[in-house]
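Trainee: Given next are the chains, with one letter for each unit.
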Amino acid sequence: MSKLTGWLYTLRSLVRRNEADREMADEIAFHIERQARKNETLGMSAAEARMRALQEFGGTTRWREEARRARGSTPVDAIEQDVRQAVRGFRRNPAFVAMATLTLALGVGANAAMFGIVDRLLLRGPEHLAAPEQVVRVYVTRVLPNANVTTSGLQPYVLYRGVRDHTSAFSAVATYLPMDLRVGVGLESRLVHATYATPDLFTLAKVRPALGRFYTAEEDLPPRGEAVVVLGYGYWQSDFAGDSTIVGKVVTLDDRKFRVIGVAPRGFTGVDRAPIAAWLPMSARPANPGAGDWTTSWRPNMPGIVVGRLAASEAQAVAQLTALVRREYEGPDKSMRTASVRVLPISYDLQGAEPRELGVVRLLAGVALVMLLVAAANITNLTLARALSRRRELGVRVALGAGRWTLVRLMVVETVLISLLGGVLGLALAHWGGALVREALLPNVAWDELPVNGRVLALTIAATLVTGMIVGLIPALRVCGPDVAGALRAGRSDSAGGGESHGAARASLQVVQLALSLVLLFTAGLFVRSLRDIQHLGLGYDRDRVLAVDISFPRPDSGATGGVDASAVAARTRYEDLRAKFERVPGVASASIAFSSPLSAVNITRLRVPGLDSLPSAKGGIALLVAAAPHYFETVGTRILRGRGFDASDATGAQPLVVVNETMARTLWPGADAIGRCVVLAVANADACARVVGIAQDVHHMTLKEDALNQAYVPWGQNPRLLTGSVLLVRGQTDASPLIPALTEVVRHSAPSVRSLQIRSFEELLDPQVRPWRAGATLFGLFGAIVVVVAAIGLFSVVSYLVTQRTHELGVRIALGAQRGQVLRLIMGGALRTAGLGALIGAALSVLIGPAIQPLLFDNAARDPMLLSLVALGLLVVAVASSAWPAWRATRVDPLLALRAD
Amino acid sequence: MAGQSPIVPGTLEMLVLKTLSLEPMHGWGIGERIQQLSRDVFAVNQGTLYPALERLQRDGLITAEWRTTENNRRARYYRITRSGLKRLETEREEWERSARAVDLILRTT
Numbered sequence: 000m001s002k003l004t005g006w007l008y009t010l011r012s013l014v015r016r017n018e019a020d021r022e023m024a025d026e027i028a029f030h031i032e033r034q035a036r037k038n039e040t041l042g043m044s045a046a047e048a049r050m051r052a053l054q055e056f057g058g059t060t061r062w063r064e065e066a067r068r069a070r071g072s073t074p075v076d077a078i079e080q081d082v083r084q085a086v087r088g089f090r091r092n093p094a095f096v097a098m099a100t101l102t103l104a105l106g107v108g109a110n111a112a113m114f115g116i117v118d119r120l121l122l123r124g125p126e127h128l129a130a131p132e133q134v135v136r137v138y139v140t141r142v143l144p145n146a147n148v149t150t151s152g153l154q155p156y157v158l159y160r161g162v163r164d165h166t167s168a169f170s171a172v173a174t175y176l177p178m179d180l181r182v183g184v185g186l187e188s189r190l191v192h193a194t195y196a197t198p199d200l201f202t203l204a205k206v207r208p209a210l211g212r213f214y215t216a217e218e219d220l221p222p223r224g225e226a227v228v229v230l231g232y233g234y235w236q237s238d239f240a241g242d243s244t245i246v247g248k249v250v251t252l253d254d255r256k257f258r259v260i261g262v263a264p265r266g267f268t269g270v271d272r273a274p275i276a277a278w279l280p281m282s283a284r285p286a287n288p289g290a291g292d293w294t295t296s297w298r299p300n301m302p303g304i305v306v307g308r309l310a311a312s313e314a315q316a317v318a319q320l321t322a323l324v325r326r327e328y329e330g331p332d333k334s335m336r337t338a339s340v341r342v343l344p345i346s347y348d349l350q351g352a353e354p355r356e357l358g359v360v361r362l363l364a365g366v367a368l369v370m371l372l373v374a375a376a377n378i379t380n381l382t383l384a385r386a387l388s389r390r391r392e393l394g395v396r397v398a399l400g401a402g403r404w405t406l407v408r409l410m411v412v413e414t415v416l417i418s419l420l421g422g423v424l425g426l427a428l429a430h431w432g433g434a435l436v437r438e439a440l441l442p443n444v445a446w447d448e449l450p451v452n453g454r455v456l457a458l459t460i461a462a463t464l465v466t467g468m469i470v471g472l473i474p475a476l477r478v479c480g481p482d483v484a485g486a487l488r489a490g491r492s493d494s495a496g497g498g499e500s501h502g503a504a505r506a507s508l509q510v511v512q513l514a515l516s517l518v519l520l521f522t523a524g525l526f527v528r529s530l531r532d533i534q535h536l537g538l539g540y541d542r543d544r545v546l547a548v549d550i551s552f553p554r555p556d557s558g559a560t561g562g563v564d565a566s567a568v569a570a571r572t573r574y575e576d577l578r579a580k581f582e583r584v585p586g587v588a589s590a591s592i593a594f595s596s597p598l599s600a601v602n603i604t605r606l607r608v609p610g611l612d613s614l615p616s617a618k619g620g621i622a623l624l625v626a627a628a629p630h631y632f633e634t635v636g637t638r639i640l641r642g643r644g645f646d647a648s649d650a651t652g653a654q655p656l657v658v659v660n661e662t663m664a665r666t667l668w669p670g671a672d673a674i675g676r677c678v679v680l681a682v683a684n685a686d687a688c689a690r691v692v693g694i695a696q697d698v699h700h701m702t703l704k705e706d707a708l709n710q711a712y713v714p715w716g717q718n719p720r721l722l723t724g725s726v727l728l729v730r731g732q733t734d735a736s737p738l739i740p741a742l743t744e745v746v747r748h749s750a751p752s753v754r755s756l757q758i759r760s761f762e763e764l765l766d767p768q769v770r771p772w773r774a775g776a777t778l779f780g781l782f783g784a785i786v787v788v789v790a791a792i793g794l795f796s797v798v799s800y801l802v803t804q805r806t807h808e809l810g811v812r813i814a815l816g817a818q819r820g821q822v823l824r825l826i827m828g829g830a831l832r833t834a835g836l837g838a839l840i841g842a843a844l845s846v847l848i849g850p851a852i853q854p855l856l857f858d859n860a861a862r863d864p865m866l867l868s869l870v871a872l873g874l875l876v877v878a879v880a881s882s883a884w885p886a887w888r889a890t891r892v893d894p895l896l897a898l899r900a901d
Numbered sequence: 000m001a002g003q004s005p006i007v008p009g010t011l012e013m014l015v016l017k018t019l020s021l022e023p024m025h026g027w028g029i030g031e032r033i034q035q036l037s038r039d040v041f042a043v044n045q046g047t048l049y050p051a052l053e054r055l056q057r058d059g060l061i062t063a064e065w066r067t068t069e070n071n072r073r074a075r076y077y078r079i080t081r082s083g084l085k086r087l088e089t090e091r092e093e094w095e096r097s098a099r100a101v102d103l104i105l106r107t108t
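Read top to bottom, the protein sequences are chains A and B. Take the first sequence: its letters are residues 0 to 901, numbered as in numbering that gives the first Met the number 0. Take the second sequence: its letters are residues 0 to 108, numbered as in numbering that gives the first Met the number 0.
Be aware that a few hints might be false.
Claimed, not checked - Residues from chain A shown here face chain B by an in silico Cβ test under 7 Å; the list is partial:
| hint | residue |
| --- | --- |
| 1 | E26 |
| 2 | Q54 |
| 3 | F56 |
To be verified - Residues of chain A placed beyond 12 Å of chain B at every Cβ, according to the derived structure:
| hint | residue |
| --- | --- |
| 4 | A52 |
| 5 | A130 |
| 6 | S282 |
As the list claims (entries may be wrong) - If we take Cβ atoms under 7 Å as the criterion, some of the chain B residues that face chain A in the derived model are:
| hint | residue |
| --- | --- |
| 7 | P23 |
| 8 | G26 |
| 9 | W27 |
| 10 | Q45 |
| 11 | R75 |
Bear in mind the hints are in silico, worked out from the structure with no lab data behind them. All C-beta atoms in this analysis are idealised placements derived from N, C-alpha and C, irrespective of residue type, glycine included.
Please build the complete structure, drawing on both the sequences and the hints.
Mentor: Next comes the structure, spelled out in structure tokens:
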């Protein structure tokens, strides 16, 4: 009972601490007043009476403290006192605080950033998708006649219908296809990411619309679904300002009108990760001409991605679907008769592989975790070193009556404070770093939250507090062992718990983190080399000086007089007009026009060479085709090796001409001169012979890694059929991107009726392909730098610790006449041995993991002795730098002080 | 004030309880009353009084409330509780027993 009252009383005074203090002050004031009055009645003056009263009371503050302690509010007071004391200690040793805080901030920051990404990508499924682990994508794997195995996630509609109607392994099945659609008209038009999907996708996801409704199966009846659309939440917000009366209105997508029937919930991205602006019925897709009845054909010309929610085991689903495909397939492809179906997680790509980005994310998350452990271990070392250097202070505290737990509490309060500081700084780093990882590695994911969200925050706080306690408790318990007073009296650090095994553990920790730094930096270096190789890769054109102007004009009125030819002439005139105007823009070196130019489209033509019956190898009979206007080659920067390019005289009616690339010249006329030869291209008039007038260098048409193919260039002016989809090409005198606004202005003035306009540099068009390497170089470089900083701090703290620990020994050595250089060698030698061993192990590890990194690299080998030794050397320099200061301090040990200290 | 002694160690709380068992009183008054009742033999160390009052409160032996004094000044009055009375009783018995014992020892010749 009385225990409970006491506890309640303490609790109350804790809650109302200030009030209680004020009351006590009042009470004491009253007491003094009464005593003074009594003194006055004894004949003292007022001032004297008061003075006397105060004296008798004996110092109000002291008794106030006493009374407060009696009241029982010690725990909070004690911690408050510890905090005050810790802060005072921090002021005396800002270097320690800075190092520990920074170490922890880096460790915590890296983890918080990576956790945000891992959480979104790997732990939680796409937003609004219920039980994502049950949802799988359907793949068909076939063995081709040449024994290659191919797996595809794109299936004909008929497969979807078969699965839906004739199998039972899924509780829901849907098919969908993402596609970019144009919204708006003219210069303001742009592409948005949309998805055609059957309505069962919404059923499968178990999602409800934010507004209106989703479309029904009746509205998605093949072959021609209703023109209705469900808007994506983000798009509805950004383009329609969240108009609540949007339902029933009409939006135009790719020049077709769709009636809005609803808005998808916020963040809904289906089973994929990219933000979707519009959801449309699967059967509202524009039919591919010549596709026939796409709903019953097994031909893969109107495919979709099939996903299902498993209601049975994966094996059952696979068995049912495989049987279905083999039974139902109708068509010429024999490999389909033996095809097998696979079901894979929705995070996999359409080739049935886990995307490289996820691998990188996992790797980085693992690295981050190791980094936090290393950081924690380092702070433990730092704290231990500090505790040992404070032996005397702690000893005084013990002498003054502080118990073991008081000291432990003080030290834990210190490290928790530091870790909280580090945590706050870490969150700031995570905010910035998370955004960087998203931007660099995963720009096409719908990130609906900030990098630091509630879950990240909760995890970080927990991790921070636990780390703070552990890194404080371990050294505190070591220094303040059960016989704290004795240990501190003895002074010798060995008795405070730093035996041989601990020393070995510390050294191996340093070795591990140095090895880790080396591996990360080496990997980063490999990525940087890939990136540099890519930048210096001869693609056959200049990527930073060329702009591709993708423009589309309104369709000619079919009713207009003159027919198709006249409208083609009119369209060509428009291109040529613009080209001439572009050329006059200041800063433009030249301008040209091309159909199917590099990075815009692929067109392949069959070809025949009169006099050559069998063309060498399979690839001899086809060529990539580009129709190029005058100045094309100098505009994009493709060199003509022999002969000439095209000029204005190569117009309709003149002799058909062709420029071939090196590979084509070599393939068709090995050892002979190609100039003047005749090639018949299927694209031109059937039998007209095109004369080779020039040989151009090989060009990477679409990708960074590309086998050399035959490439044939024909004059744009001679081939009126190769017109739709042409792009204008503009070469700047220097960097071309700044010309974009001027070119846009030209279009606005001279062709205000354009349907769409997009101007991008070749560099920008290549960017998605360069991204993985750039991301790898950036992220591994960043993580490597962080680990180096952490390792350097770690090494510094360990060497400092050792110096402190060996002060006595060093004093003896110096007293016995050891020279500064010898002491320096003694201390630095140890640090360098550690660093050397770390570098060696790191190098071995780097060679070992080479094969794992190899596929992530661009052509360059994962083994690079030069780079490896460079990184190792750099690490050794860091090791020397971080151990130099404590080692120098060791040489300053005053033998007298050191010996007297113990 | 000659001849004043400090209170016998360990008895302050008992004396406070005794004082409060007579009537509720504020801190200064308790000190005065102890001095008075002991015929000026005991002088209460003023500063030890308040911690003692806090301890007694914490143990639930007394309670406190703010009241106005006869001079219209706000002061904290302490009042003994039921368990305080019980404690006073046991302490008194304890004291008498040990005082008798001490007395016996001292009288032994």
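Trainee: Work down the list of hints and note, for each, if the structure agrees.
Mentor: Results for each hint:
no.	hint	verdict
1	E26	5 Å, holds
2	Q54	10 Å, violated
3	F56	5 Å, holds
4	A52	9 Å, violated
5	A130	56 Å, holds
6	S282	80 Å, holds
7	P23	14 Å, violated
8	G26	5 Å, holds
9	W27	4 Å, holds
10	Q45	5 Å, holds
11	R75	5 Å, holds
Violated hints for the displayed structure, listed by number in ascending order: 2, 4 and 7.
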